[in-house]
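Participant: The lines below spell out each chain.
Protein chains: 10
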Amino acid sequence: MLTAFVLIRCEVQRISEVAQAIAELPNVAEVYSVTGEDDIVAVLHIKAYEALDEVVPSGIAQIQGVTGTRTVLAFRRFARRDLEAGYDLGLA
Amino acid sequence: MLTAFVLIRCEVQRISEVAQAIAELPNVAEVYSVTGEDDIVAVLHIKAYEALDEVVPSGIAQIQGVTGTRTVLAFRRFARRDLEAGYDLGLA
Amino acid sequence: MLTAFVLIRCEVQRISEVAQAIAELPNVAEVYSVTGEDDIVAVLHIKAYEALDEVVPSGIAQIQGVTGTRTVLAFRRFARRDLEAGYDLGLA
Amino acid sequence: MLTAFVLIRCEVQRISEVAQAIAELPNVAEVYSVTGEDDIVAVLHIKAYEALDEVVPSGIAQIQGVTGTRTVLAFRRFARRDLEAGYDLGLA
Amino acid sequence: MLTAFVLIRCEVQRISEVAQAIAELPNVAEVYSVTGEDDIVAVLHIKAYEALDEVVPSGIAQIQGVTGTRTVLAFRRFARRDLEAGYDLGLA
Amino acid sequence: MLTAFVLIRCEVQRISEVAQAIAELPNVAEVYSVTGEDDIVAVLHIKAYEALDEVVPSGIAQIQGVTGTRTVLAFRRFARRDLEAGYDLGLA
Amino acid sequence: MLTAFVLIRCEVQRISEVAQAIAELPNVAEVYSVTGEDDIVAVLHIKAYEALDEVVPSGIAQIQGVTGTRTVLAFRRFARRDLEAGYDLGLA
Amino acid sequence: MLTAFVLIRCEVQRISEVAQAIAELPNVAEVYSVTGEDDIVAVLHIKAYEALDEVVPSGIAQIQGVTGTRTVLAFRRFARRDLEAGYDLGLA
Amino acid sequence: MLTAFVLIRCEVQRISEVAQAIAELPNVAEVYSVTGEDDIVAVLHIKAYEALDEVVPSGIAQIQGVTGTRTVLAFRRFARRDLEAGYDLGLA
Amino acid sequence: MLTAFVLIRCEVQRISEVAQAIAELPNVAEVYSVTGEDDIVAVLHIKAYEALDEVVPSGIAQIQGVTGTRTVLAFRRFARRDLEAGYDLGLA
Numbered sequence: 686m687l688t689a690f691v692l693i694r695c696e697v698q699r700i701s702e703v704a705q706a707i708a709e710l711p712n713v714a715e716v717y718s719v720t721g722e723d724d725i726v727a728v729l730h731i732k733a734y735e736a737l738d739e740v741v742p743s744g745i746a747q748i749q750g751v752t753g754t755r756t757v758l759a760f761r762r763f764a765r766r767d768l769e770a771g772y773d774l775g776l777a
Numbered sequence: 686m687l688t689a690f691v692l693i694r695c696e697v698q699r700i701s702e703v704a705q706a707i708a709e710l711p712n713v714a715e716v717y718s719v720t721g722e723d724d725i726v727a728v729l730h731i732k733a734y735e736a737l738d739e740v741v742p743s744g745i746a747q748i749q750g751v752t753g754t755r756t757v758l759a760f761r762r763f764a765r766r767d768l769e770a771g772y773d774l775g776l777a
Numbered sequence: 686m687l688t689a690f691v692l693i694r695c696e697v698q699r700i701s702e703v704a705q706a707i708a709e710l711p712n713v714a715e716v717y718s719v720t721g722e723d724d725i726v727a728v729l730h731i732k733a734y735e736a737l738d739e740v741v742p743s744g745i746a747q748i749q750g751v752t753g754t755r756t757v758l759a760f761r762r763f764a765r766r767d768l769e770a771g772y773d774l775g776l777a
Numbered sequence: 686m687l688t689a690f691v692l693i694r695c696e697v698q699r700i701s702e703v704a705q706a707i708a709e710l711p712n713v714a715e716v717y718s719v720t721g722e723d724d725i726v727a728v729l730h731i732k733a734y735e736a737l738d739e740v741v742p743s744g745i746a747q748i749q750g751v752t753g754t755r756t757v758l759a760f761r762r763f764a765r766r767d768l769e770a771g772y773d774l775g776l777a
Numbered sequence: 686m687l688t689a690f691v692l693i694r695c696e697v698q699r700i701s702e703v704a705q706a707i708a709e710l711p712n713v714a715e716v717y718s719v720t721g722e723d724d725i726v727a728v729l730h731i732k733a734y735e736a737l738d739e740v741v742p743s744g745i746a747q748i749q750g751v752t753g754t755r756t757v758l759a760f761r762r763f764a765r766r767d768l769e770a771g772y773d774l775g776l777a
Numbered sequence: 686m687l688t689a690f691v692l693i694r695c696e697v698q699r700i701s702e703v704a705q706a707i708a709e710l711p712n713v714a715e716v717y718s719v720t721g722e723d724d725i726v727a728v729l730h731i732k733a734y735e736a737l738d739e740v741v742p743s744g745i746a747q748i749q750g751v752t753g754t755r756t757v758l759a760f761r762r763f764a765r766r767d768l769e770a771g772y773d774l775g776l777a
Numbered sequence: 686m687l688t689a690f691v692l693i694r695c696e697v698q699r700i701s702e703v704a705q706a707i708a709e710l711p712n713v714a715e716v717y718s719v720t721g722e723d724d725i726v727a728v729l730h731i732k733a734y735e736a737l738d739e740v741v742p743s744g745i746a747q748i749q750g751v752t753g754t755r756t757v758l759a760f761r762r763f764a765r766r767d768l769e770a771g772y773d774l775g776l777a
Numbered sequence: 686m687l688t689a690f691v692l693i694r695c696e697v698q699r700i701s702e703v704a705q706a707i708a709e710l711p712n713v714a715e716v717y718s719v720t721g722e723d724d725i726v727a728v729l730h731i732k733a734y735e736a737l738d739e740v741v742p743s744g745i746a747q748i749q750g751v752t753g754t755r756t757v758l759a760f761r762r763f764a765r766r767d768l769e770a771g772y773d774l775g776l777a
Numbered sequence: 686m687l688t689a690f691v692l693i694r695c696e697v698q699r700i701s702e703v704a705q706a707i708a709e710l711p712n713v714a715e716v717y718s719v720t721g722e723d724d725i726v727a728v729l730h731i732k733a734y735e736a737l738d739e740v741v742p743s744g745i746a747q748i749q750g751v752t753g754t755r756t757v758l759a760f761r762r763f764a765r766r767d768l769e770a771g772y773d774l775g776l777a
Numbered sequence: 686m687l688t689a690f691v692l693i694r695c696e697v698q699r700i701s702e703v704a705q706a707i708a709e710l711p712n713v714a715e716v717y718s719v720t721g722e723d724d725i726v727a728v729l730h731i732k733a734y735e736a737l738d739e740v741v742p743s744g745i746a747q748i749q750g751v752t753g754t755r756t757v758l759a760f761r762r763f764a765r766r767d768l769e770a771g772y773d774l775g776l777a
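Chains as they are written, first to last, in this note's numbering: chain A, 686 to 777; chain B, 686 to 777; chain C, 686 to 777; chain D, 686 to 777; chain E, 686 to 777; chain F, 686 to 777; chain G, 686 to 777; chain H, 686 to 777; chain I, 686 to 777; chain J, 686 to 777.
Each statement offered as a hint is correct.
To be clear about the criterion: a stretch of chain F counts as covered by chain E if any three or more of its residues have a C-beta under 8 angstroms from a C-beta of chain E, and this derived list gives those stretches: (1) 695 to 709; (2) 716 to 722; (3) 752 to 759.
A few chain B residues that don't get close to chain A, going by computed Cβ distances all over 12 angstroms: (4) 733; (5) 738; (6) 747; (7) 752.
Hint data in this document are derived by calculation from the structure and do not stem from the laboratory. Backbone N, C-alpha and C define an ideal beta-carbon position, used for all residues, glycine too.
In isolation and in its complexed conformation, chain A is listed as follows (with noise of 0.2 angstroms):
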């Protein structure tokens, strides 16, 4: 399993209805509205990186009211050592 953030800017009026759309997204684990430079955070837990295009580019930015995206990609997990006596490879 791989782990991305997804970090979306869109029109300042129209932030519940993009999350909103954003949701109902196949792979899309969690939607968030945030505070800071950006206005929602999508986490995504996918399969293959071959769904990641399906799910970015041709699925939240064709989004009305999206104005841009950044994907930030999880290398590895790091996990508490006494639970799981080692970690795991972010891709669980």
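Given the coordinates of chain A, work out where chains B, C, D, E, F, G, H, I and J should sit on it, guided by the hints.
Facilitator: Frame of chain A; chains B, C, D, E, F, G, H, I and J shown alone:
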């Protein structure tokens, strides 16, 4: 439950060691080393807003090698309508 | 009590009108037009974190003329020691 | 009364110590450690513009660990019309 | 006397017209079109801080073609020691 | 006469000392410590463009504690029409 | 052979259409839609520097939907020593 | 096959030495010193997303003299239609 | 003689047309379309500082399609010592 | 002939010394200390693209005190039509 994303910059040679130390802190749900301008993303799920001070300025920021943090908080979580027929407050 | 600062940009010809509209919103303690990169600063004192969504994305961001908002939250409030012999949690 | 917001950056490991030192300065009404690009926000209420030099470059900027300050001044304060039937000059 | 520098951006084809309109405003001591990121610098010498609101958000920002303003205020004026044996408060 | 604004950044603990040293340089008309991103603004009135090199890179930039300078030059000065029935060339 | 990377921003809804149009241009070796601040990266391998003008300002920049381009050129290519016992000039 | 561009900043006096060290790493297809804000661009072609962690934070970022990295991943590769009658997934 | 570099941004589809129009202006020595953040660089050699206003805000900035200009002036020109045994004032 | 502009940042106290060292390098046509964000501009006229590596990363970037360089290349030179009845390729 309150969700927060902490975007962390650190000395580039110490990313793994810093990320592992963050993963050991209480209230830290997920930690990833990431592509992009920031080096590490930590996802927090906390019960009371008051706990945030303990995790970020008194926790993450005290780890050796950290050079900066920016904390982004969820205003609200948006969920798939068919699943949940409404939305929870990003504070679920 | 949670303290937040909302830094607002708006169309430069409409600063007064936008600032006045923000001042009418519930949970907004103080509103100022200001020098610097941002046009308006709103200070919020809210009882529950959940109210923030109502004030910022569903409130301030819906006002005509607003082009962007950034919300900065207090982790903790620091007080003069002689007065209070300690500190309260910025959440007083 | 003149209102000013001082946005302060400091060494990330010393935020609490710096914020506490700022809280001890005269004319400083409120001090918060905060989420976002800056580390600390100080709110000043001063009687005469002349006092600002004493608080910021000769006060806050002299504290060990401070690496930068930006001061934002209120042009005007906007108040709820029903309460005050008009507005005061942000200088109340 | 309080000294302020207002850094103004405007539509690039209208710099002269905007600068001339600023020069006609009360409390504006000097106006220049300039090299650099900003298009115009206005120097203000004002007697009372309260007048600043009238000059900047209610004055300069209302001129057609202005797209942004940043106001920088003097904390203190520094003078040649031999001339003045001390310094005045930038508020001379 | 040519007018130039030199925007100066310096070590935050040494603003007064640096500003005083700048005030002693020839061709420097006014020096202010200021609010905003830069720490000091120096206003120069010089007779010949050639003198600028002596004041900025060979003068201000050599002072201990200065970390950067940006020089903004006036293209033209705009004056109140009723006073002067025209304008002078910012080079008066 | 000269290698250049063209970093392209375009209207977010038209990324696929713009990227496909770039792929049809002569001298364009590879085109990718990408994560990050820019929307598209085009990799060029050109024989003579003179051809660059035809590809970038007269080619890519003329496509509908493109809002900006930045071109980064290779000074030199570095190769694995064991493979090639030296390096070629990034101009191979 | 997944394509990634790693944009690298390093100490300006050590560009050649750092670029050569990057070229020796496994999974690095091409390395160039470049004009522009970044000093070096590395092009990666990797078979499995999991290998990225080994190349970037555990590989490039550990080289002496590197001060920062940003990794940009291809969503999809676009190819000339006449050649390939369609497109491959940037993952060819 | 005074040397200035004018860095110009314009609508990306009109670079050639704007650059050609700049080349026709008096006092403009060289004009190039360029790689990088800016679209066009104009090199000016002017005899008197007063001429700058005519070339930049009253000349280049009035051309259709120009969206911004930044003017950078030479303090001083540095020349090869063996050729000239000294240096001229960048004002040659 | 290829034209390039190298924008150089250096330690602010060493501008003259660095600029003089750059002027001694082969292929450097002109060197100026300048107003603005960068400290020095070097103008290069080179015959073959391959020479650029020698001048910038292996030349200018090796000089003590240089902290960063950005190289901007001319796509094309635009000339006055009446003079030259056409244009040369910025590569004259």
